[in-house]
Amino acid sequence: AQSVTQLGSHVSVSEGALVLLRCNYSSSVPPYLFWYVQYPNQGLQLLLKYTSAATLVKGINGFEAEFKKSETSFHLTKPSAHMRDAAEYFCASGAGSYQLTFGKGTKLSVIP
Amino acid sequence: DSGVTQTPKHLITATGQRVTLRCSPRSGDLSVYWYQQSLDQGLQFLIQYYNGEERAKGNILERFSAQQFPDLHSELNLSSLELGDSALYFCASSVAGQSGNTIYFGEGSWLTVV
Numbered sequence: 001a002q003s004v005t006q007l008g009s010h011v012s013v014s015e016g017a018l019v020l021l022r023c024n025y026s027s028s029v030p031p032y033l034f035w036y037v038q039y040p041n042q043g044l045q046l047l048l049k050y051t052s053a054a055t056l057v058k059g060i061n062g063f064e065a066e067f068k069k070s071e072t073s074f075h076l077t078k079p080s081a082h083m084r085d086a087a088e089y090f091c092a093s094g095a096g097s098y099q100l101t102f103g104k105g106t107k108l109s110v111i112p
Numbered sequence: 001d002s003g004v005t006q007t008p009k010h011l012i013t014a015t016g017q018r019v020t021l022r023c024s025p026r027s028g029d030l031s032v033y034w035y036q037q038s039l040d041q042g043l044q045f046l047i048q049y050y051n052g053e054e055r056a057k058g059n060i061l062e063r064f065s066a067q068q069f070p071d072l073h074s075e076l077n078l079s080s081l082e083l084g085d086s087a088l089y090f091c092a093s094s095v096a097g098q099s100g101n102t103i104y105f106g107e108g109s110w111l112t113v114v
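So the protein lines, in turn, are chains F and V.
Under this note's numbering, read the first sequence as residues 1 to 112, first letter to last.
Under this note's numbering, read the second sequence as residues 1 to 114, first letter to last.
With the rest of the complex left out, here is chain F (with noise of 0.2 Å):
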């Protein structure tokens, strides 16, 4: 069975500081793997999505995601955190399975 761990249910960091989301999953097959992004009282957005092509994925909002395989890993960065980013932030994998293994999230707060 496949798992999501993310590491740091809450983080905070200052506005245009770098954002570091930890994700790491657990996957018998090769992963798919997808950031989604939850702003207050609305509907999960995709924020990017990872299907082997390349090993460094960008997104949307100035987001990219980096999948190591040594490391099982795939955290979301941004170089400069805007007020904006503020939102909770959810990896997922759909390895092996039609629907989607999430994280349980972590929340973004950002500083003025």
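Keep in mind that the hints were calculated from the coordinates and are not lab data.
Idealized CB from N, CA, C, for every residue including glycine.
Fair warning: there could be bad hints in the mix.
[Unchecked claim] No more than 20 Å apart at the CA atoms, straight line, and that leaves these computed lysine to aspartate or glutamate pairs for DMTMM-like:
no., chain 1, residue 1, chain 2, residue 2
1, F, K104, V, D40
2, F, K107, V, E107
3, F, K104, V, E107
4, F, K107, F, E15
5, V, K57, V, E75
6, F, K107, V, D40
[Claimed, not checked] Some chain F residues flagged as far from chain V (calculated, every beta-carbon gap over 10 Å):
no., residue
7, E15
8, L20
9, P79
10, H82
11, M83
[To be verified] So the derived label-pair ranges between C-beta atoms look like this:
no., chain 1, residue 1, chain 2, residue 2, range
12, V, I60, F, K107, 22 to 28 Å
13, F, P112, V, T13, 38 to 44 Å
14, F, P40, V, R18, 45 to 51 Å
15, V, A56, F, Q42, 22 to 28 Å
16, V, E82, F, A53, 29 to 35 Å
17, V, R18, F, P79, 46 to 52 Å
18, V, S65, F, P79, 44 to 50 Å
19, F, K58, V, T5, 27 to 33 Å
20, F, N41, V, G16, 24 to 30 Å
21, F, T55, V, N77, 38 to 44 Å
22, V, I60, F, E64, 30 to 36 Å
For this one, chain F is given, so just place chain V on it according to the hints.
Relative to the frame of chain F, chain V by itself:
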């Protein structure tokens, strides 16, 4: 806007009652998924349909049922509601429902059971 439409957006109902949540997938998507989001359980997969047929089942209670109609819209029926069923219910859709397909989520239906 993901293109997935869910109604109602908010619903308040009493324990023991039954409600129906409705979902229209993105145009062209054949597969529909239902997820439940709660504070204690996080995002939990409930059930998936593909072109009218049930494809996968997750942590869906026996009191809950779903179906996908010929026009591809889907309904999630929740019966004998309990306080613990209060949650945000998401519908999502994808083109073919295969592993690796991008899944697009609706805005969700907030259910409060009082």
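Verification of the hints:
Of the pairs offered as hints, the one joining K104 (chain F) and D40 (chain V) holds, with about 10 Å between alpha carbons and a cut-off of 20 Å not exceeded. Distance check on the hinted pair: K107 (chain F) and E107 (chain V) sit about 18 Å apart at the alpha-carbon level, within 20 Å; holds. Restraint check: the Cα-Cα separation between K104 (chain F) and E107 (chain V) comes to about 19 Å, which is no more than 20 Å; the hinted pair holds. For the given pair, K107 (chain F) sits about 15 Å from E15 (chain F) by alpha-carbon distance, which is consistent with the 20 Å threshold.
About 15 Å separates the Cα atoms of K57 (chain V) and E75 (chain V), which keeps this hinted pair within 20 Å; it holds. Distance check on the hinted pair: K107 (chain F) and D40 (chain V) sit about 15 Å apart at the alpha-carbon level, within 20 Å; holds. Against the 10 Å criterion, E15 (chain F) stays outside the reach of chain V, whose nearest CB is about 27 Å from its own CB. Look at L20 (chain F): its CB is around 21 Å from the nearest CB on chain V, clear of 10 Å, so calling it non-interface holds up.
No beta-carbon of chain V comes within 10 Å of the beta-carbon of P79 (chain F); the shortest separation is about 25 Å. The non-interface label for H82 (chain F) is consistent with chain V: the shortest C-beta to C-beta separation is roughly 21 Å, beyond 10 Å. With a least CB separation of 22 Å from chain V, M83 (chain F) remains clear of the 10 Å interface cut-off, as annotated. At about 27 Å, the CB distance of I60 (chain V) to K107 (chain F) agrees with the hint of 22 to 28 Å.
About 40 Å separates the C-beta atoms of P112 (chain F) and T13 (chain V), a value consistent with the hinted range of 38 to 44 Å. At about 30 Å, the CB distance of P40 (chain F) to R18 (chain V) disagrees with the hint of 45 to 51 Å. For the hinted restraint 22 to 28 Å between A56 (chain V) and Q42 (chain F), the CB-CB distance of approximately 26 Å keeps it satisfied. Checking the proposed 29 to 35 Å range against E82 (chain V) and A53 (chain F) shows it is violated: the Cβ atoms sit about 45 Å from each other.
In this structure, R18 (chain V) and P79 (chain F) meet the distance hint of 46 to 52 Å, their C-beta atoms being roughly 50 Å apart. About 47 Å separates the C-beta atoms of S65 (chain V) and P79 (chain F), a value consistent with the hinted range of 44 to 50 Å. At about 29 Å, the CB distance of K58 (chain F) to T5 (chain V) agrees with the hint of 27 to 33 Å. Distance hint for N41 (chain F) and G16 (chain V): a CB-CB separation of about 28 Å, consistent with the stated range 24 to 30 Å.
Hint check: T55 (chain F) to N77 (chain V), Cβ distance near 43 Å, so the stated range 38 to 44 Å holds. Taking the beta carbon of each, I60 (chain V) and E64 (chain F) are about 35 Å apart, inside 30 to 36 Å as hinted.
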